[in-house]
Amino acid sequence: MTENPLRRSSIFNYVSGDLILQSCDNVHFWVHKAILVLVSPFFQDMLALGPSRVETEAPSIVLLVEKFEDEQTVEALLRFFYPMANPTFENLDDLLPVLKAAEKYLMEDATRSLGRIMAEKFAPREPLRVFTIAVAHGLEKEAKVAATHTLRVNFPISIPNPEDGETSSSATNDLRSLTAFSYNQLLLYRENCVEALRDTATYITWTSPEQWHFCDACLYCKNRHLVVFRQTTRSVLPWWRQYMLAAGKSLREKPYGSAVTAHEIMWPALITASECLSCRIRAFSDLMEFSKVFAMEVDRIIEEVCARPNCHYEPLNTSVRILGGGEDEI
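Here the UniProt record's numbering is used: the first residue of the sequence shown is 1, the next is one more, and so on.
Treat the hints with care, as some may be off.
[Unchecked claim] The calculated lysine to aspartate or glutamate pairs, modelled on EDC-like cross-linking and capped at a C-alpha distance of 20 angstroms, are:
1. Lys-249 with Glu-210
2. Lys-104 with Asp-70
3. Lys-254 with Asp-299
4. Lys-292 with Glu-304
5. Lys-292 with Glu-275
6. Lys-254 with Glu-297
7. Lys-104 with Asp-93
8. Lys-33 with Glu-66
9. Lys-141 with Glu-264
10. Lys-33 with Asp-109
11. Lys-144 with Asp-18
12. Lys-144 with Asp-70
13. Lys-100 with Glu-90
14. Lys-67 with Glu-103
15. Lys-254 with Asp-199
16. Lys-249 with Glu-264
17. Lys-222 with Glu-264
18. Lys-121 with Glu-69
19. Lys-249 with Glu-195
20. Lys-141 with Asp-199
21. Lys-100 with Glu-69
22. Lys-67 with Glu-90
23. Lys-222 with Asp-199
24. Lys-100 with Asp-25
25. Lys-104 with Glu-66
26. Lys-292 with Glu-210
27. Lys-222 with Glu-195
28. Lys-33 with Asp-94
29. Lys-292 with Asp-199
30. Lys-33 with Glu-71
31. Lys-67 with Glu-140
32. Lys-67 with Asp-109
33. Lys-121 with Asp-109
34. Lys-141 with Asp-18
35. Lys-249 with Asp-299
Think of the hints as simulated: they come from the structure by calculation, not from any bench.
Construct the entire structure; sequences and hints are all you get.
See below:
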């Protein structure tokens, strides 16, 4: 197998460069020693030892660092330290080699930037894989972000087979590297979130019933259910109860805010409301607004759980309770 011929990088080709990084695929990056010394203790120590010197067509003698990372990885790393746009990544397979190189060469700023990109761009898409990578690389903040996104995923999780075409082999290898301890911590976090939300759809402490039409009188709706608000007993409309039952069940499966605004949760209740000559007028707007407030409360509780050192659930004070106990009753 023949080696690639030597060539210069089209981007990092500074005439004033006093250091050449030669990638493993034979691309020369003409850069500045002073910059790499500032951003990397690894280069600071290595250059102090004196790497190879090479005669070039330039009037000065430059330093040569051979067999660095591949061209794509080197270019992505250098973009973090020069006045140009940061690198973009289409998938985690492109980002991961750069993250490994940033850690290898002790480039803390690049590592933080890559962690932020991973959490913001890829955690919503591949939460479990990002969690696994973050744990493996000691990125605690990013691991917490990814853990929160895993609440949207059904558990237990099975490792996908790359032969099925659903994921890459590298993604499968990342997931297989997840330790039993880390996976157990993820399960405990999920259980804590479910427990913290257990009474959210039953004890309505986070909003006032006066602002919602589902607490108003209706001449047509029957089978109303009582709600105790502090010292006041109020009745609620059956379609709202139907929604809250569905929302409570959904939160036990996927404990996150958007679960209570999903169409499959809201639509059956709205169909029921549409059968009432009075409720059909206001039910849609009322439930849409209420579900947003509900979702905000769910997300607030999840943030509280995430902020607790041991993620232990502490019962919240409750002042509103819907009568008619039982797991599936409100």
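Against the structure, the hints:
1. The hinted pair formed by Lys-249 and Glu-210 fails the criterion: a straight-line CA distance of about 25 angstroms is larger than 20 angstroms.
2. Restraint check for Lys-104 and Asp-70: the C-alpha separation of about 14 angstroms stays at or below 20 angstroms, so the hint holds.
3. The hinted pair formed by Lys-254 and Asp-299 meets the criterion: a straight-line CA distance of about 12 angstroms does not exceed 20 angstroms.
4. A C-alpha spacing of about 19 angstroms is found between Lys-292 and Glu-304, which places the hinted pair at or below 20 angstroms, so the restraint holds.
5. Of the supplied pair hints, the one linking Lys-292 and Glu-275 is violated, its CA atoms being roughly 24 angstroms apart against a limit of 20 angstroms.
6. Simply put, Lys-254 and Glu-297 have alpha-carbon atoms about 15 angstroms apart, close enough for the 20 angstroms limit, and the pair holds.
7. About 17 angstroms separates the Cα atoms of Lys-104 and Asp-93, which keeps this hinted pair within 20 angstroms; it holds.
8. For the hint linking Lys-33 to Glu-66, the alpha-carbon distance of about 14 angstroms falls within 20 angstroms, and the restraint holds.
9. Under the criterion of a C-alpha separation no larger than 20 angstroms, the hint pairing Lys-141 with Glu-264 is inconsistent with the structure, at around 32 angstroms.
10. Restraint check: the Cα-Cα separation between Lys-33 and Asp-109 comes to about 17 angstroms, which is no more than 20 angstroms; the hinted pair holds.
11. Taking the CA atoms of Lys-144 and Asp-18, the gap is about 41 angstroms. The hint is violated against a cut of 20 angstroms.
12. In summary, the hint linking Lys-144 to Asp-70 is not supported, as the alpha carbons are separated by about 31 angstroms, beyond the 20 angstroms threshold.
13. Straight-line distance between C-alpha atoms of Lys-100 and Glu-90 comes to about 17 angstroms, which keeps the hinted pair within the 20 angstroms bound.
14. For a cut-off of 20 angstroms, the pair hint linking Lys-67 to Glu-103 stands: about 17 angstroms separates their Cα positions.
15. With a CA separation close to 15 angstroms, the supplied pair Lys-254 and Asp-199 stays within the 20 angstroms bound.
16. For the proposed pair Lys-249 and Glu-264, the alpha carbon gap of about 12 angstroms is at most 20 angstroms, so the pair holds.
17. Of the pairs offered as hints, the one joining Lys-222 and Glu-264 is violated, with about 24 angstroms between alpha carbons and a cut-off of 20 angstroms exceeded.
18. Between the alpha carbons of Lys-121 and Glu-69 the distance comes to roughly 24 angstroms, so the proposed pair goes past 20 angstroms and is violated.
19. For the proposed pair Lys-249 and Glu-195, the alpha carbon gap of about 13 angstroms is at most 20 angstroms, so the pair holds.
20. For the hint pairing Lys-141 with Asp-199, the CA-to-CA distance comes to about 28 angstroms; that exceeds 20 angstroms, so the pair is violated.
21. The straight-line distance between the Cα atoms of Lys-100 and Glu-69 is roughly 10 angstroms, inside the 20 angstroms bound, and the hint therefore holds.
22. Between Lys-67 and Glu-90 the alpha-carbon distance is near 26 angstroms, which puts this suggested pair outside the 20 angstroms criterion.
23. Simply put, Lys-222 and Asp-199 have alpha-carbon atoms about 25 angstroms apart, too far for the 20 angstroms limit, and the pair is violated.
24. Of the pairs offered as hints, the one joining Lys-100 and Asp-25 holds, with about 18 angstroms between alpha carbons and a cut-off of 20 angstroms not exceeded.
25. Distance restraint check for Lys-104 and Glu-66: the Cα-Cα separation of roughly 16 angstroms lies within the 20 angstroms cut-off, and the hinted pair is therefore satisfied.
26. For the hint linking Lys-292 to Glu-210, the alpha-carbon distance of about 17 angstroms falls within 20 angstroms, and the restraint holds.
27. Proximity of Lys-222 to Glu-195 is assessed by CA-CA distance (about 32 angstroms); at most 20 angstroms being required, the pair is judged violated.
28. Annotation: proposed proximity of Lys-33 to Asp-94 is violated, straight-line Cα distance about 26 angstroms (limit 20 angstroms).
29. The straight-line distance between the Cα atoms of Lys-292 and Asp-199 is roughly 18 angstroms, inside the 20 angstroms bound, and the hint therefore holds.
30. Distance restraint check for Lys-33 and Glu-71: the Cα-Cα separation of roughly 18 angstroms lies within the 20 angstroms cut-off, and the hinted pair is therefore satisfied.
31. Distance restraint check for Lys-67 and Glu-140: the Cα-Cα separation of roughly 32 angstroms exceeds the 20 angstroms cut-off, and the hinted pair is therefore not satisfied.
32. At most 20 angstroms may separate the alpha-carbon atoms for a hinted pair to count; Lys-67 and Asp-109 exceed this at roughly 23 angstroms.
33. Between the alpha carbons of Lys-121 and Asp-109 the distance comes to roughly 18 angstroms, so the proposed pair stays at or under 20 angstroms and holds.
34. For the suggested pair Lys-141 and Asp-18, the alpha carbons sit about 37 angstroms apart, so the restraint of at most 20 angstroms is broken.
35. A distance of roughly 16 angstroms separates the Cα atoms of Lys-249 and Asp-299; the hinted pair therefore holds under the 20 angstroms criterion.
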